[in-house]
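Could you put together the complete structure from these sequences and hints?
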Amino acid sequence: MRKIYKLFILIVAIMFISCGLKSSPLPPLSDEPAPVTKLNLKQQGDRFVIFWRYDGVYEDGRKMKEFRFDIFTLDGKINREVERQGRIYWTYYRINSFDREYCFKIRVFNGKEYSKFSRYVCKYPEKVFPDKVYDLKIQMEEGKLILSWFSEENSFKIYRSNKSVIPPIEYAEVKNTSTFVDRRLSYGKKYCYYITAYNGKVEGNPSQTVCKVYRDIFPPEPPKNPELIKKGEDYIIIWTESPSKDVAGYLIFKNGKPLIKTPIKTYFFIDRSYQKGDRYYIIAVDRAGNKSEPAYLTVE
Numbered sequence: 002m003r004k005i006y007k008l009f010i011l012i013v014a015i016m017f018i019s020c021g022l023k024s025s026p027l028p029p030l031s032d033e034p035a036p037v038t039k040l041n042l043k044q045q046g047d048r049f050v051i052f053w054r055y056d057g058v059y060e061d062g063r064k065m066k067e068f069r070f071d072i073f074t075l076d077g078k079i080n081r082e083v084e085r086q087g088r089i090y091w092t093y094y095r096i097n098s099f100d101r102e103y104c105f106k107i108r109v110f111n112g113k114e115y116s117k118f119s120r121y122v123c124k125y126p127e128k129v130f131p132d133k134v135y136d137l138k139i140q141m142e143e144g145k146l147i148l149s150w151f152s153e154e155n156s157f158k159i160y161r162s163n164k165s166v167i168p169p170i171e172y173a174e175v176k177n178t179s180t181f182v183d184r185r186l187s188y189g190k191k192y193c194y195y196i197t198a199y200n201g202k203v204e205g206n207p208s209q210t211v212c213k214v215y216r217d218i219f220p221p222e223p224p225k226n227p228e229l230i231k232k233g234e235d236y237i238i239i240w241t242e243s244p245s246k247d248v249a250g251y252l253i254f255k256n257g258k259p260l261i262k263t264p265i266k267t268y269f270f271i272d273r274s275y276q277k278g279d280r281y282y283i284i285a286v287d288r289a290g291n292k293s294e295p296a297y298l299t300v301e
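For the sequence shown, the residue numbers in my numbering are 2 to 301.
Read the hints as simulated data drawn from the structure, not as lab findings.
In this text, all values refer to a predicted model and were calculated from it rather than measured experimentally.
Just so you know, even glycine gets a beta-carbon here, dropped at the ideal spot from N, CA and C.
Some hints could be false.
[Unchecked claim] Dumping the calculated DSS-like pairs for lysine-lysine here, alpha-carbon to alpha-carbon at most 30 Å:
#  : residue 1 : residue 2
1  : K202      : K43
2  : K158      : K64
3  : K231      : K164
4  : K246      : K190
5  : K164      : K39
6  : K225      : K43
7  : K113      : K66
8  : K124      : K145
9  : K277      : K225
10 : K128      : K106
11 : K202      : K128
12 : K158      : K176
13 : K145      : K292
14 : K138      : K106
15 : K202      : K133
16 : K145      : K266
17 : K231      : K266
18 : K292      : K277
19 : K225      : K266
20 : K202      : K39
21 : K202      : K164
22 : K231      : K255
23 : K39       : K78
24 : K113      : K133
25 : K262      : K225
26 : K213      : K106
27 : K64       : K133
28 : K246      : K138
29 : K213      : K117
30 : K133      : K106
[To be verified] FRET-style restraints, in silico, Cβ to Cβ:
#  : residue 1 : residue 2 : range
31 : M65       : I261      : 38 to 46 Å
32 : V58       : E82       : 36 to 44 Å
33 : K213      : N97       : 30 to 38 Å
Below is the structure:
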């Protein structure tokens, strides 16, 4: 009886699994692009900047290989070149009249299907906006890039990118100054900037764009307090490490000739051929190959 009962339970379980599989097929794939869900609009001087984030996927989450954006005003579709950096897209629209409201919406087309429209974003342009920032310059110093400019305004928005095409996402805002110091940098990378003046309501037209590759051309601080200590038949040169953070090692010279070819990471060196009157100096070398001033050691 028990065997019959177990066989009955097994048959019921198999029927349940089979029915479940038949009644739950995979959903059909969607060819419709996901819509733009949040459209942004701001004024920079005599133009609007329309910008948004987009992942480039179908409605079911699969990645699309190709797609484009169609931009519409209340008067219909307009043709605009769309810039891109990562997931950020943007375009510009020149303001022809400051006495009317402007509205924009976007849809996506992937060659087969159109997405749903985004919501309209609308704005009345400000007739009075700040003057343009002029004479933007960029200077490199150790650990920083310094921007300086001329303007009669006192509040500014700073935009930054690693390319000369800069997305309209503000990087920083400063007040009551005509300089900005950027320390969030990595060696070997290019940094580009533009600046707009801001009056609390609206930005002015952007300045010109300036760019610079941030390179490590700055020598490290030299080591300090070199000494020569005799231990048995060996003479040990010791020193205090350089305070610079990017030091890769040290080179040791004796009577003007290198004792080693590759920088060492220790703060001592053993010389087994010391003679009275020998003169040493130690140089710190950073990761970019820059060399410090020498720290001299003369032992009589």
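Okay, which hints does this one fail, numbers in order? As far as the earlier hints go, 2, 3, 6, 8, 14, 24, 26, 27, 29, 31 and 32 are violated by this structure, in ascending order.
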